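With chain A's structure known, arrange chain B on it following the hints.
Here the protein sequences line up with chains A and B, keeping their order.
So the first sequence is numbered by the numbering used here: it starts at 31 and just counts up by one.
So the second sequence is numbered by the numbering used here: it starts at 31 and just counts up by one.
Incorrect hints may appear among the rest.
Stated by the list, open to error - List time: in silico DSSO-like cross-link candidates among lysine-lysine, alpha-carbon distance up to 30 Å: (1) Lys139(B) - Lys171(A); (2) Lys150(B) - Lys171(B); (3) Lys139(B) - Lys244(A); (4) Lys274(B) - Lys274(A); (5) Lys139(A) - Lys86(A); (6) Lys139(A) - Lys294(B); (7) Lys139(B) - Lys150(A); (8) Lys150(B) - Lys139(A); (9) Lys171(B) - Lys232(B); (10) Lys127(A) - Lys186(B); (11) Lys171(A) - Lys127(B); (12) Lys171(B) - Lys127(A); (13) Lys139(A) - Lys232(B); (14) Lys139(A) - Lys139(B); (15) Lys184(B) - Lys127(A); (16) Lys244(B) - Lys139(A); (17) Lys294(A) - Lys232(A); (18) Lys127(A) - Lys127(B); (19) Lys127(B) - Lys150(A).
It should be emphasised that the hints constitute simulated quantities derived from the structure, not laboratory data.
These numbers come from a predicted model, not from an experiment.
2 protein chains.
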Amino acid sequence: VGFTVQILGSGAALPTGQRAPSAQYLQCENRHFLIDCGEGTQMQFRRFNVKLQKIKQIFISHLHGDHFFGLPGLISTMHLLGRTQNLTIYGHPDLEKIIRGMLEVGGHKMTFEIQFVALKYDSPTLIFEDKVLEIWSFPLKHRIPTCGFMFREKPKEFQLDGEAVKEAGLLIEHFHRLKKGEDIELENGKKLNHQDFTFPPKPALSYAYCSDTKYFEDLANVVSNVDLLYHEATFTEAMLERAKTTFHSTAKQAAEIALQSKTKMLILGHFSSRYDDARLHLEEAKSIFTNSVAAEDGMLFDLRKMFS
Amino acid sequence: VGFTVQILGSGAALPTGQRAPSAQYLQCENRHFLIDCGEGTQMQFRRFNVKLQKIKQIFISHLHGDHFFGLPGLISTMHLLGRTQNLTIYGHPDLEKIIRGMLEVGGHKMTFEIQFVALKYDSPTLIFEDKVLEIWSFPLKHRIPTCGFMFREKPKEFQLDGEAVKEAGLLIEHFHRLKKGEDIELENGKKLNHQDFTFPPKPALSYAYCSDTKYFEDLANVVSNVDLLYHEATFTEAMLERAKTTFHSTAKQAAEIALQSKTKMLILGHFSSRYDDARLHLEEAKSIFTNSVAAEDGMLFDLRKMFS
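The shape of chain A in the complex, shown without the other chains (with noise of 0.2 Å):
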């Protein structure tokens, strides 16, 4: 029943031996996804120990080989250790036909059936919805067609107080209304306050996943108050021109989003090969927005916990 996000590659387009490419494995209520797939994220599953045929569905931001060559392998793996789940791949149009043709040269007949659904890159659009939480994609700013994802919990139900519903002596038909918020009135006329029988709900939290991206201002408003707000910093602000000519964000550039959107957390992450740790990117990224982070591999954030 948790909310985790863990970094699976905070690394660029060259991987170092600290970091892989870019790949984040979430888990919402026994709801399995990974964003991005990274050449490698099959081993980065094995590393830390997620269970990869869990991944129900995968989102691949955009085309650049460091947030999807890693998909072929990963689908191998899933059908060679004989998955019989459907999976489902977000991504380009162009996506399919890319994967399915890598996968077919190899003559297997796959073992389970993968849905390829395109994204949109026009506007916010909701791509996935369950009774538990809404997936949104979202255009970001890059050199070609990308999207970043937010991942939004519904509001939950109020909590039911035990001890005071069976003190009341009340029916399992009362607490479908109670659990909704609602007030009842019972057959003897007796009004109940359903703060009485009831805790406040949890709060429903949220995630967005911000890379890559140039800055601009309304990536704030899209993702306006998400718990937790992802975004890359590939460069540091002493290369603001780099990061405007490869269509990339600073760190400042990421925390000024982040205090824009008025996120409660900002992880950094997407760091250029050039740097040999995230130290100034996460110094620059606090001068502006004091709660950043700065992603390293195998880094875990637990939603609930943090933000309840």
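What follows is chain B alone, placed relative to chain A:
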């Protein structure tokens, strides 16, 4: 001026924490080759401190993912590091379309040219030749078209005895003939035996790579008398039936090929991830062919030192 083979990946289809998928780095007299390129090969280059830009030719045995899924990432990294030197890739005719497709969606204008050369699967074929060595492909027997590769140095020249030629006052024009093992007649009619002015040539060495394949006796003739033989040993003899149905070999079968080929040393590899280590494989092979070694990622074989 060496001839070395380094194991970059000794695993089979499923990578493990200990074994990356297939890849080997060959270096022969300043020529740099890569055989197979499983996912994560570029990370193995970094891990073992091998300079990936030196690779000029890549040989892909077949189109199962554990032998080529690392190719797009390796090529992208070569590009991002500013490579200008051409690259030649030998593989199945379908490989070109797939790899170019993976690279083109990223929208990069590559900084260097890639030439694809289609392998033939019916008989041993000379696919490259220069003054130092010949490279041959030869058909293996796997579920899809598969080639092994053989690297054979050409006969080397006699080595001049510097003191002897100086003492006799010989000229550069004589050196060339002496190195070829020719005797010389001077203008004054004096006959000189080349053996008095040279040391014997260093031996011409050879290496053969056989992965993946089921056992077939004729393979020993194809790789006859190579100094060093790599042969896949996915299974041990206890899983002979599984080896047959998947078109793989057991360690015993690999050793039988080694014995029949009269190679000097056998490297076993491509171990199934179901084995914790390769002790059983090695024991099994050694009972038939004593000079057997089980590959581990990073192992380096220096043929010049071992066989000269």
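Hint by hint, here is what the structure shows:
This hinted pair checks out: Lys139(B) and Lys171(A) have alpha carbons roughly 20 Å apart, not beyond 30 Å. Annotation: proposed proximity of Lys150(B) to Lys171(B) holds, straight-line Cα distance about 13 Å (limit 30 Å). For the hint pairing Lys139(B) with Lys244(A), the CA-to-CA distance comes to about 20 Å; that is within 30 Å, so the pair holds. Among the hinted pairs, Lys274(B) with Lys274(A) is inconsistent with the structure: their alpha-carbon atoms are about 57 Å apart, more than 30 Å.
Proximity of Lys139(A) to Lys86(A) is assessed by CA-CA distance (about 20 Å); at most 30 Å being required, the pair is judged to hold. Of the supplied pair hints, the one linking Lys139(A) and Lys294(B) is violated, its CA atoms being roughly 40 Å apart against a limit of 30 Å. Between Lys139(B) and Lys150(A) the alpha-carbon distance is near 25 Å, which keeps this suggested pair within the 30 Å criterion. Of the supplied pair hints, the one linking Lys150(B) and Lys139(A) holds, its CA atoms being roughly 25 Å apart against a limit of 30 Å.
Taken as a hint, the Lys171(B) and Lys232(B) pair is broken in the structure, with Cα atoms around 34 Å apart against an allowance of 30 Å. The suggested pairing of Lys127(A) with Lys186(B) is violated, with an alpha-carbon distance near 49 Å, which exceeds 30 Å. Taking the CA atoms of Lys171(A) and Lys127(B), the gap is near 29 Å; set against the 30 Å cutoff, the hint holds. As the CA atoms of Lys171(B) and Lys127(A) are separated by approximately 29 Å, the hinted pair is consistent with the 30 Å bound.
Under the criterion of a C-alpha separation no larger than 30 Å, the hint pairing Lys139(A) with Lys232(B) is inconsistent with the structure, at around 50 Å. This hinted pair does not check out: Lys139(A) and Lys139(B) have alpha carbons roughly 34 Å apart, beyond 30 Å. Restraint check for Lys184(B) and Lys127(A): the C-alpha separation of about 44 Å exceeds 30 Å, so the hint is violated. A hinted pair counts as satisfied when its Cα atoms are at most 30 Å apart, and Lys244(B) with Lys139(A) qualifies at roughly 20 Å.
Our distance criterion of 30 Å between C-alpha atoms is met by Lys294(A) and Lys232(A), whose separation comes to about 17 Å. Between Lys127(A) and Lys127(B) the CA atoms are separated by roughly 12 Å; this keeps the pair inside 30 Å, and the hint holds. Between Lys127(B) and Lys150(A), the direct Cα distance comes to roughly 26 Å. Compliance with the 30 Å bound is thereby established for this hinted pair.
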